[in-house]
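Novice: Dock chains A, Y, L, P and D against chain Z, hints included.
6 protein chains.
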Amino acid sequence: MPRPVTLFTGQWADLPLERLAGKAAGWGFDGLELACWGDHFEVDKALADDGYIPEKKRLLEKHGLACHAISSHLVGQCVCDPIDKRHQSILPERLWQDGDPEGVRQRCAREMIDTARAAKRFGVETVNGFTGSSIWSKLYFFPPTSREDIEEGFQDFRKRWLPILDEFKKEGVRFGLEVHPTEIAYDIITAEWALAAVEGHPQFGFNFDPSHFIHQFVDPVRFIEAFPDRIFHAHVKDSRVQLTGSNSILASHLDFGDPRRGWDFVSPGRGDVEWDPIIRALNRIGYQGPLSIEWEDSGMDREFGAREALEMIRGEDFTPSKVAFDAAFSKK
Amino acid sequence: MPRPVTLFTGQWADLPLERLAGKAAGWGFDGLELACWGDHFEVDKALADDGYIPEKKRLLEKHGLACHAISSHLVGQCVCDPIDKRHQSILPERLWQDGDPEGVRQRCAREMIDTARAAKRFGVETVNGFTGSSIWSKLYFFPPTSREDIEEGFQDFRKRWLPILDEFKKEGVRFGLEVHPTEIAYDIITAEWALAAVEGHPQFGFNFDPSHFIHQFVDPVRFIEAFPDRIFHAHVKDSRVQLTGSNSILASHLDFGDPRRGWDFVSPGRGDVEWDPIIRALNRIGYQGPLSIEWEDSGMDREFGAREALEMIRGEDFTPSKVAFDAAFSKK
Amino acid sequence: MPRPVTLFTGQWADLPLERLAGKAAGWGFDGLELACWGDHFEVDKALADDGYIPEKKRLLEKHGLACHAISSHLVGQCVCDPIDKRHQSILPERLWQDGDPEGVRQRCAREMIDTARAAKRFGVETVNGFTGSSIWSKLYFFPPTSREDIEEGFQDFRKRWLPILDEFKKEGVRFGLEVHPTEIAYDIITAEWALAAVEGHPQFGFNFDPSHFIHQFVDPVRFIEAFPDRIFHAHVKDSRVQLTGSNSILASHLDFGDPRRGWDFVSPGRGDVEWDPIIRALNRIGYQGPLSIEWEDSGMDREFGAREALEMIRGEDFTPSKVAFDAAFSKK
Amino acid sequence: MPRPVTLFTGQWADLPLERLAGKAAGWGFDGLELACWGDHFEVDKALADDGYIPEKKRLLEKHGLACHAISSHLVGQCVCDPIDKRHQSILPERLWQDGDPEGVRQRCAREMIDTARAAKRFGVETVNGFTGSSIWSKLYFFPPTSREDIEEGFQDFRKRWLPILDEFKKEGVRFGLEVHPTEIAYDIITAEWALAAVEGHPQFGFNFDPSHFIHQFVDPVRFIEAFPDRIFHAHVKDSRVQLTGSNSILASHLDFGDPRRGWDFVSPGRGDVEWDPIIRALNRIGYQGPLSIEWEDSGMDREFGAREALEMIRGEDFTPSKVAFDAAFSKK
Amino acid sequence: MPRPVTLFTGQWADLPLERLAGKAAGWGFDGLELACWGDHFEVDKALADDGYIPEKKRLLEKHGLACHAISSHLVGQCVCDPIDKRHQSILPERLWQDGDPEGVRQRCAREMIDTARAAKRFGVETVNGFTGSSIWSKLYFFPPTSREDIEEGFQDFRKRWLPILDEFKKEGVRFGLEVHPTEIAYDIITAEWALAAVEGHPQFGFNFDPSHFIHQFVDPVRFIEAFPDRIFHAHVKDSRVQLTGSNSILASHLDFGDPRRGWDFVSPGRGDVEWDPIIRALNRIGYQGPLSIEWEDSGMDREFGAREALEMIRGEDFTPSKVAFDAAFSKK
Amino acid sequence: MPRPVTLFTGQWADLPLERLAGKAAGWGFDGLELACWGDHFEVDKALADDGYIPEKKRLLEKHGLACHAISSHLVGQCVCDPIDKRHQSILPERLWQDGDPEGVRQRCAREMIDTARAAKRFGVETVNGFTGSSIWSKLYFFPPTSREDIEEGFQDFRKRWLPILDEFKKEGVRFGLEVHPTEIAYDIITAEWALAAVEGHPQFGFNFDPSHFIHQFVDPVRFIEAFPDRIFHAHVKDSRVQLTGSNSILASHLDFGDPRRGWDFVSPGRGDVEWDPIIRALNRIGYQGPLSIEWEDSGMDREFGAREALEMIRGEDFTPSKVAFDAAFSKK
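Chains as they are written, first to last, in the working numbering: chain Z, 1 to 332; chain A, 333 to 664; chain Y, 665 to 996; chain L, 997 to 1328; chain P, 1329 to 1660; chain D, 1661 to 1992.
Keep in mind the hints are simulated off the structure, nothing from the lab. Since we're looking at a predicted model, the values are computed, not measured. Each residue gets a CB set at the ideal place from its N, CA and C atoms; glycine is no exception. All clues given are correct.
Partial list, computed: chain Z residues near chain Y (C-beta under 7 Å):
(1) Asp-276
(2) Arg-280
(3) Phe-318
(4) Thr-319
(5) Pro-320
(6) Ser-321
So here's chain Z without its partners, still in its complex pose (with noise of 0.2 Å):
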């Protein structure tokens, strides 16, 4: 039985959810994994108004189409952040407001349990997103940051999520964070120690997607190892290293998209994501939820990379064995 495959809707959010869900559909998706941006899914509708969350079910039911997580991705990363201009510009007005920072930080960190109370009465049970991290920018150790800068860096994540979470208990959703540089984990390492700094918090998890690791040159099957109980969702994302010597692994400030970029995003299937060996991963640890395609791509047309996407990683899933099997041979 391959899994469900979704597409993620926050590269869409131009589009109305109305109009996506019917080219999702007819490109042949199984579902989708709702961003909480544009008007796919806005949590304080979904709270106010009690026809909202019925209505998005019927309209997601007449396309034929599931939904097994909502994102939060902006939101999220507003809650540890240190907070500059650029925050506005993914925040809505009633969480911005006057953007003083800690005003911000703890709008969107009741947003978050709010996101927690809507999902669950969209009867869903994962929520994905960022956390921000008020430490990422001291990444480069210079001037010289001490062990406790980073230990102060985790303590202030562990204050903020744990109420957090502890409300996400409460509605029995689980929240995934998608490792990924600017958060408080974006590799293996960061992410073992944001997992103890949330005392192993059991609705504390991750959104996995290789995407994020390539140009980390971590191995996305060790990140599934290292966390076999802890993937609540999957990401179909992918990217690829580009270095020609005179260009650099950390970009250079250039714009995705930027041919000089020592990496990019690039459609699923096109990268240097190894899908076989991510499949058998998540077979081992018997992950079962959906695939998610997330698109993006700076030089292609996202409709055309959908489509293609889509049947890259249907032709890439597949069913682990039902027998123990090896190079014996049965006899008689």
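Specialist: Only chains A, Y, L, P and D this time, still in chain Z's reference frame:
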């Protein structure tokens, strides 16, 4: 005629200069690149006390050591950086004072000008250092960082450093930025942008240091070829990529010396820097300055390492060909 | 004219041939390579019961399936091996009996001769299989293994197999050794020695299977080129090297399918075998026989895999050029 | 809007165009790139016989095939080459005549001008081809080849081709040199020199063909980026490096198709060319012309191959993104 | 303080110890690791003759040589191995006797206990050696080897070695298994199993030897990191992978020194072992013991090689950093 | 007993032999390989003037230098080449005369015979050199080069060189072709063809020089193994592949020393040649002749380089093992 080999004193500032000079001379170094911290080269005293510079010169002469450059990385870092508590640890009290960010930046800018004046008095034409950067922390583009955000960072650099460079020009002293993550320029592309930001100011160039390119996968030779007339000074420092599939090239907020890091600094000659092509490139551009060993290796005794590095670079450095020479054979 | 694609039935012996034939035909296979175990092809019955072979033929014809070869790996293995309890699990009772090593070896040698006779009656000219080896276990030379020890092993092979091959000759049937660790020949050099040991006997050749070369780092094309007139049959089977620095190419006594192994078998097309150069090499030597899928992958459902593998190899197989053709252009 | 895919007819000149057109249309090609040999496109008849071109057009229309370019590699080759007996085999009698080298070169130069005229009448704006080179044979510098020798070769190219290009200009037809060993330009550097030699003549550009770069280890994308406004046409042709340590990248004077060669041409999609980055580069420079399959593989049936190559490139070609798109998410 | 460099005498047992000691001292070695064969260290005599050990000590002292470990690979091998005629060649008559396998194994087990006693008398706390293995020959799993078969092998090891280790404990002597194909442990995973089989016995650890990991593609540093408190001794021995596509990593039953082998031992410093990371790892775990050169290279004169290896490892070995040291700079 | 290390004088012909000999002896060379140009070894004078050779001998003896071979690359090149103006620059007037190609070729053929005679008188048994080639310039097969064309080239070589080799035989002197692009043989395959063309003439063999194989990706060890009894002499010369994706392995008609070339010669020890495997291969075939440094590096002072190269090769050269030696240990 091989180039002089000097020792950068920055990582030895716990030793009084007198003691370090004795050691370095004993190991066979030709000179020292004096750090503007510890008692190695104190800008304020050099300008205030007429006996300071003659005394330093005597000290070096006594040991048969030359000085081709002084270095002010710590103060330079504070000119453009968003100032936080980490900066307090790298500044003297007279520059930190109340720690107000803009005040710190301006005091450090003035100190850089004084550094050029002191260098002039000392008879040294090159000051190496850092510049800081208001945008380094926006490296990975989330929340979305616009081209305007980036451009603003380079304008800030221009605004703060052009006046400094003009004062350098009056003194006939050049500033060599050590291209380095956390600085306004950390690779070839950002170095081009930085040079453009200061309109190709004649006093602005680079302290070439290959160790900062290795973990970015930038070929150090390409850097030299990109800026043939801007290599004002050269560091001999080495680093090593040690990726395993489980760790990240971003180094996971781990301390230098932690074996889990994706890369680390190692004693020159034991890392991934290939010195022969660098020597050839320096020969081609006619660089005649010192090869200055900046020794940093968290796993090795520094005195053992400094001697080994000196022997290594003397073996690698060579005189270019004096004759036009190709596959041809002279007949008769 | 592409080659027929067959399915080797050895890993499906838990299914009655009738059922397997129905499935294979449904998936589009052109034929079956029948294993001499399970009920797929029973040598004793084929010789004792005049109705057995006609019945098998009818069964295959009913499904439109051809049979180009039968395979007797298990019995062949016991001809030269030092016999231990593991061999009991791969032999029928009538060959094992009291398990006395020499007795087992001789009964299995006679069974191989019978296999040739049954093949002849069945109208099949190729029997694939293993040979066993008295010296495989002395692979790594400690305690010191002398050339005499090795030579003795090949003499043992000669002594036991020459009489078998002579009987094959009488029947006009060829034996194709699947070159494989644990056999007298497992790479190019040992295959040359084995061929020499039987004095280049015309009935002795190879069942080419690239999956056993990949983890030895032997290029499968070199094997084909080394024995152009001895490739009697070809398996389509794949394997993958999955070294991490922590695991061993020797596979650590771990079971197939354990992700910690340094290499493993995977579904054809998902491993390290490059099929295009193999097809070209088979074209060059004029191999016209079947491409027989030996499907083995501990992590994948075998029915999913068999179909995928069939599609893969049909896409890779191609007809050689019929015209002399080079960079030239024909004029006029 | 994907690009049209055409078939270059040069390697099919043994087939009458009528027959080839039927086949190509049946396989699904959008058009043909007609070779100026065989009966595919005969320059002399096109100019002498008023019915010739309308007849060709009718033939193509009948099969629903377009023609975006015609190609004259054989005649072009003879414009600059030192002429030897090999050239006789690629020229019609009317151009070879007595074979006097300078006479051949001048007749071929005039034929190239006629080719532009015929193209114009045919309604085609691009003529692809070779130039020949008086210095290719001096590639490896022994006996010592001076810069003057090389410069002389480029002057010879300029002297012979500038008049041709001027005539092309009159006709509004462009010449696309297929950069290729044996030509005046065979890599990026020599292409720059060739362009400079004809003073950046607006009719002079390139028929991009990655297969000639692979075995030189030149990245095809770099070629496109070096000449963004000079890519007049593009070939889909593939090659493969097959070095073993025993053979040479120079190919040992072995015929194409000999497996001992260090590299060889293979059917598009089976070689070392990476098509995705090429499509992206062509998208970036706005190339809208055809992707023309030049099919050459000494080991594969050409009809099998042409169909496979067509399917491959259709799968690789894609529309660029219509929206500015980066890691950002649109809010609201 | 660099570590002492010793010479393992096993490959020099054709020389009387007196003569070898003179040579080794002359070349500059700090000590010898005495082999328990030849006249280098005879366990039976050491226990039977009260003058034997004082005489050995005098001999070493005369040449200024220390002894940190003795080694008993040959006898150790016979404790668990299935005994065949090859074992006769490595045992003295008194241990071989009638060659009955179980008798040989038990005599050798008792000899190992005596070896600990002799070591104690000699003032040496480490005995290095092999263990043998009842399951090495079942490495490649055909006929199918079950987990029970493997487990049985480790139980056999446990049964035979636990009593030996208990006697070692009484003497205060440790046993360092040289992890090596043919032994119960040959890589990291099997070493973990072996350690578990003897319940983490405090006297059981490893004689680290990287040459046996190279051809398995195991990173020697990972081994050190896996067993930081079990590295009892370290060999300096090197090997080289020399795969060509025509040969096998399994080495084809070819003799050491045959250039067709897929790997071979070479003089330390000329192989694929990277010594710098090993030295760093040994520094991190606080290993203070000797670096003992086990010299083996079938292509080089051993006296030339021993001297070269000594010089190589002295150049690689270095003292760890005595100060906490990172990218930081000390101010003031 | 390490081999003698000599200096090939070809690249030093601007220095009178007297002066060069003094330098070389001072640097520690054991001998000189004299070039037959400059005043180093003049064939015409050696035959015409009875005092010439004794005088040369005295000169060498005075400096303690041996001579194992003389070299005549320039004259040899003109035996088979199509002669053009470049050849004038490498020939003395007496051989060039009117420059008529066939005349030049025949005069040079006679000069080669005289060279053998002079070598004999000088007491030297090996003459190294080039052969030229009538087909080198047809390397890349366009216009199509037939097998007949190639065969003709080898017949031309045979026709011109067999008579020369017969004269060599009379003198007891051997000819060592330096296998090299531009010659009749430039890799293993063409060397086999050349040897076959002269029917395995006993005086015909090779001056092994790995620097010409590196940029062809030919493994120098394979060359030695292919011709174990034909390695008459060995050059120590190095080259380096420096591909960037923007440049070509064909080197773009760029001068040696231009950093844009895809490969270049560099001082021995600084390139891609691995000397250890070469020394082992020379040991295996029993080569006892000199290691002759042909020093060529357009980026390095040649006197610095010659000394460094001498030290490098002395460190790499080693005596083969005198004892049969494998993984075994001697017991007792």
